[in-house]
Amino acid sequence: MKRLFFLFTLIAMSWQARATLTIEITQGLEGALPIAVVPFAWRGSAASPPPHAVGEVVAADLRRSGRFKPLATGEMLARPTRGDEVDFRDWRALNIENLVIGEVAPNGPGGYLVKFYLYDVFRGEQITGYSMPTTTRDLRATAHHIADIIYETLTGEPGAFATRIAYVTSVRQGQDKERVELRIADADGYNPQTVVSSEEPLMSPAWSPDGTKLAYVSFENAQPSIWVQEVFTGRREKMTSFNGINGAPAWSPDGRYLAMTLSKDGNPDIFVMDIARRSLRPLTRHRSIDTEPAWAPDGKSLIFTSDRGGAPQIYRVSVNGGDATRVSFEGGYNARASYSPDGRLMSMVTRVDGQYRIAILDTQTRDFRVMSTGRLDESPSFAPNGSMIIYATRVNDKGVLAAVSTDGRVQQRLRLQEGDVREPVWSPHQKQERSR
Amino acid sequence: MVGLIQSKVERSWLRPPGTEGLKCAVRVRLGASGSVLLANVVESSGNTAFDRSVEAAVRKAEPLPMPRSPRLQAVFRDLTFIFDPSS
Numbered sequence: 001m002k003r004l005f006f007l008f009t010l011i012a013m014s015w016q017a018r019a020t021l022t023i024e025i026t027q028g029l030e031g032a033l034p035i036a037v038v039p040f041a042w043r044g045s046a047a048s049p050p051p052h053a054v055g056e057v058v059a060a061d062l063r064r065s066g067r068f069k070p071l072a073t074g075e076m077l078a079r080p081t082r083g084d085e086v087d088f089r090d091w092r093a094l095n096i097e098n099l100v101i102g103e104v105a106p107n108g109p110g111g112y113l114v115k116f117y118l119y120d121v122f123r124g125e126q127i128t129g130y131s132m133p134t135t136t137r138d139l140r141a142t143a144h145h146i147a148d149i150i151y152e153t154l155t156g157e158p159g160a161f162a163t164r165i166a167y168v169t170s171v172r173q174g175q176d177k178e179r180v181e182l183r184i185a186d187a188d189g190y191n192p193q194t195v196v197s198s199e200e201p202l203m204s205p206a207w208s209p210d211g212t213k214l215a216y217v218s219f220e221n222a223q224p225s226i227w228v229q230e231v232f233t234g235r236r237e238k239m240t241s242f243n244g245i246n247g248a249p250a251w252s253p254d255g256r257y258l259a260m261t262l263s264k265d266g267n268p269d270i271f272v273m274d275i276a277r278r279s280l281r282p283l284t285r286h287r288s289i290d291t292e293p294a295w296a297p298d299g300k301s302l303i304f305t306s307d308r309g310g311a312p313q314i315y316r317v318s319v320n321g322g323d324a325t326r327v328s329f330e331g332g333y334n335a336r337a338s339y340s341p342d343g344r345l346m347s348m349v350t351r352v353d354g355q356y357r358i359a360i361l362d363t364q365t366r367d368f369r370v371m372s373t374g375r376l377d378e379s380p381s382f383a384p385n386g387s388m389i390i391y392a393t394r395v396n397d398k399g400v401l402a403a404v405s406t407d408g409r410v411q412q413r414l415r416l417q418e419g420d421v422r423e424p425v426w427s428p429h430q431k432q433e434r435s436r
Numbered sequence: 437m438v439g440l441i442q443s444k445v446e447r448s449w450l451r452p453p454g455t456e457g458l459k460c461a462v463r464v465r466l467g468a469s470g471s472v473l474l475a476n477v478v479e480s481s482g483n484t485a486f487d488r489s490v491e492a493a494v495r496k497a498e499p500l501p502m503p504r505s506p507r508l509q510a511v512f513r514d515l516t517f518i519f520d521p522s523s
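If you read the protein sequences in the order shown, they are chains R and W.
Be aware that the first sequence starts at 1, since it is given in the numbering used here, and climbs by one per residue.
Be aware that the second sequence starts at 437, since it is given in the numbering used here, and climbs by one per residue.
So here's chain R without its partners, still in its complex pose (with noise of 0.2 Å):
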């Protein structure tokens, strides 16, 4: 009792506003924060480690959003691997600010359990851990994981790291073969697994909003076609195979609709069909080339690009159609533009000197940022936390996967993939299970 009323007069005093001597700070280093991921150890036999390096994984997540600098591992000066082994001394003389700790230990045939443990350095105190099972097939899914828990702790902001991405890719069979392929892989370009394939081009993926549909389209039978494919199952419906272009589909929010391009009409115009109903009704009608629509956010608006004003430019329209208004105005050439997930930035490729480059509009400053360096980038999509882009670019005369954070301060190419990669498109957030 006593002890419960010192407690309670404690924190009585500590609500007191008292006067105390105030200290302004405006001055401050802008940077990533400095993280350090041990190397996880393994609990098991020597003979049969774990598939992949689950630190390894988690930190390169880490590094690759911007957001983060993790610690070499050859700098460190000491690798625990359980809480009572973490000396915060060894980290504080390093400056680093966060610690991440962990185990793969076997569980059972074809298991494992993984633990973590995230620290903070100067506080002295965990703030977070977690014990999750997974199998050999998840491991890297796991690591992702971790990686989305770390993000969000130290961020407040979901992450995004265990989320996949969909993208085209083609592969030379022989003389003049070639097989296509619409695949699909975890956001950091591993794991890839092929949803649909052919021997005509294949353009086009687009994300149903809960991450469990594709569509895209398909050339075969020479004729261009709209296709929606359950992920999971592979079961396809065509959705539309008119005379001409059937091109650009993209969801709206709610699912609903589906805009696209069709040229049945003569001339290439926006459409919105109603999935449910399958009727379309026409979002343009201009006699230039409209195409590339993608939903706003709040679904109430699209934008697309139109050479109505002699050059490609990306316009807004309302989802009711009407007049466009012209949003992009940086330079002679701007295309396939999409929303950030908050609705305030648009990524686009844009012509810089000649070369093709993704850039980033903010609605709101009018801030026109080019953020990457190839000569022929394409196809820019945010991550479904905003916090970095996927796109499309060339090495060696061959398309192959890259990455910015949304702030420019990291780039990265993703792992190479087989064949020519294009059209990357970043999932949505997929559900995921988690257990303290």
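In case anyone wonders, no lab produced these hints; they're calculated from the structure.
Since no wrong hints were added, every one of them can be taken at face value.
Short derived list, chain W residues pointing at chain R, Cβ under 7 Å: (1) 438; (2) 453; (3) 485; (4) 521.
No farther apart than 27 Å at their CA atoms in a straight line, the calculated lysine-lysine pairs in the BS3-like style are these: (5) 69/R <-> 459/W; (6) 496/W <-> 69/R; (7) 177/R <-> 398/R; (8) 444/W <-> 69/R; (9) 459/W <-> 444/W.
Covered stretches of chain R (in silico footprint by chain W; criterion: 3 or more residues with CB under 8 Å from a CB of chain W, positions within the stretch not fixed): (10) 25-37; (11) 147-160.
A quick note: this is a predicted structure, and the numbers were derived from the prediction, not measured.
No residue lacks a Cβ here, since even glycine has one placed at the ideal position from N, Cα and C.
Keeping the supplied structure of chain R fixed, place chain W upon it in accordance with the hints.
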């Protein structure tokens, strides 16, 4: 003395990118030797990363410079830091 404390905290502050317009207040209690006994955000900026960075800045600056005189020390043991990069 205020200037010494200010510059030591500023040197240890690593501000997350893109947080120019944010502002927050941290209440700090110091030990006699300038050790940080407590550093808590009392007015949040609304941004977790920014709030964490200012608490870390104060803790990284430990030990903070303290006056010699015990009477002055009493004044400096309870401080409020306003972190405001825009001002």
